[in-house]
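**Student:** Single-letter residue listing:
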Amino acid sequence: MADRRSKQTSKYTLDRGMPGAFEGETITRRRFMTGTAHGAGAVAAAAFTLPALGFALGPIFKSTPHRWEVVGTVDEFPDNNYVPVVLTLTPGIGNAGKTTAYVRKFNPAIDTDPYDKGTPYIAISDRCAHLGCPVRWVDASERFVCPCHGGVYDLLGRRVSGPPVRPLDRFYSRVTGENVELGPRFSVNSLLRRFSPRLPGEPLDGIGQYLYPSTPGAKKL
Amino acid sequence: MPKLPAPPLPAPLKTPPPRPGSGNGKEGPLEDAMNAGISVVDWVDERTSLSGAARWLMFRKVPKGTNWFYTLGSATLFAFLNQAVTGVFLAMYYRPEPSGGAYESIRYVTNDVFLGQFVRSMHKWGATVMVVLVFLHMGRTFFFGAYKYPRELNWVIGVVLLILTMAMGFTGYLLPFDQRAFWATTVGVNINGTGPLLGPYLSDFLYGGAEFNATTLSRFYAIHMLIIPGLIVALIGAHLYLVTKLGTTAPPWQKAETRHELRETEV
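From first to last, the protein sequence lines stand for chains A and B. Take the first sequence: its letters are residues 1 to 221, numbered as in the numbering used here. Take the second sequence: its letters are residues 1 to 267, numbered as in the numbering used here.
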């Protein structure tokens, strides 16, 4: 063992016995040429791979700016029933970028949660928190019903029955003059505490908010 | 021009000798046409030696007991070729625009193009047929033990092909862009999001953003048309190469023939 350590190879090719070595040469010409060719190949490959990767993964990190959209006037929304309105989430792609929200005026008798204080209008998203199917407000039973897998939510959007893992998402609301405007979407956990918007199927109680982080594309609220 | 010796073909495929009394050896126009065709094939074969490869592929030995179950793999390949060809014809009309062009182009293909409904139906039902055949083929390979040494790599390639086939179904489902397509894709991408830690990022990757946006449909179209078919073709090539190189196995109920002296004596 001691032999191997003491017999250190010299950095000069001449000492190492390379055929055709020059005085003072530390790398053979063959090795230099091979390394240069490999390096040039790596640069060429990176020149078309990295942009392609960026193109595929880039949209994950792009965040759309927050938009406020007028959905009606202040006298169109009662405080004991929901009125559906159509929002444009993503402009430019027609109906695929639109979604529905159920809007109701803030009612201090019903909305007793401390987190809701100061909200002029309660706007509940129609995307079920199980897997994203659009839910339907049934006035007679005061429930939101999802047709896909039978998720049922109560008047405040909290889960009553079925596979959803958290209450329905909501939209920020504000009043500008005579108009009611809806802003960015946010998610709530079962205590109606607010979080950055998540995708359906991601629970937010307890460890859920760390296990299912809001991605870079969904702007932090 | 010296003619190459005739390749060793099996007896049924050898050209039969001319019947006595037909044409008396005179070369009519039919014989001229056949000779012209044969010389074209010879010209290509001399420069590529493709006939050697074709003979290796088609006249290889198969074990005793090979039965109809062994056709499931070729059937799957045929279903894939059907999808590829009908897909190319559909791609000539399809427009990946979420703001109405997608749905309208499919409506046009179905209603107004000659045989458009037929081609679209072949593509749609061919997808179901391909998935069914893939599973039957996988089941046959499993139950016949054809995944064991030295065919493990072939099995792994087959599993990757299965996953790619499912991905083709998933991405293709969105393209007609009707209500069912949109909501099924929404649900499917959200299912991806339920995976812990990496789930939200996977959903964002599929959507091309935090939610369904202007580039989502184009993304699915590119994945469906270019990325996955390329991978499938490459892997099918590897899969077929391994099948012909390693040979197929006999069914599990087939007993190997042993020499009389080696058989144990019946007591």
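Hints should not be assumed to be uniformly reliable.
These stretches of chain B come out as covered by chain A in the derived footprint (C-beta under 8 Å, 3 or more residues) [stated by the list, open to error]:
1. 29-40
2. 49-60
3. 171-183
4. 195-204
Sample of chain A residues facing chain B (criterion: CB under 7 Å; computed from the structure) [to be verified]:
5. Ile60
6. Pro84
7. Gly94
Bear in mind the hints are in silico, worked out from the structure with no lab data behind them. Predicted model, so just to flag it, every value in this text is computed and none were measured. C-beta: ideal position from N, C-alpha, C; glycine also.
**Student:** Hint by hint, note whether the structure agrees.
**Tutor:** Taking the hints in turn, this is what the structure says about them:
1. 29-40: violated (count 0)
2. 49-60: violated (count 0)
3. 171-183: holds (count 3)
4. 195-204: Since three or more residues must qualify, the claim that chain A covers the region 195-204 of chain B holds, with 7 doing so at under 8 Å.
5. Ile60: The hint holds - Ile60(A) has a Cβ within 7 Å of chain B, the shortest such distance being about 4 Å.
6. Pro84: It is violated, given that the least Cβ distance between Pro84(A) and chain B is near 17 Å, above 7 Å.
7. Gly94: Where the cut-off is 7 Å and the nearest Cβ of chain B is about 4 Å from Gly94(A), the hint holds.
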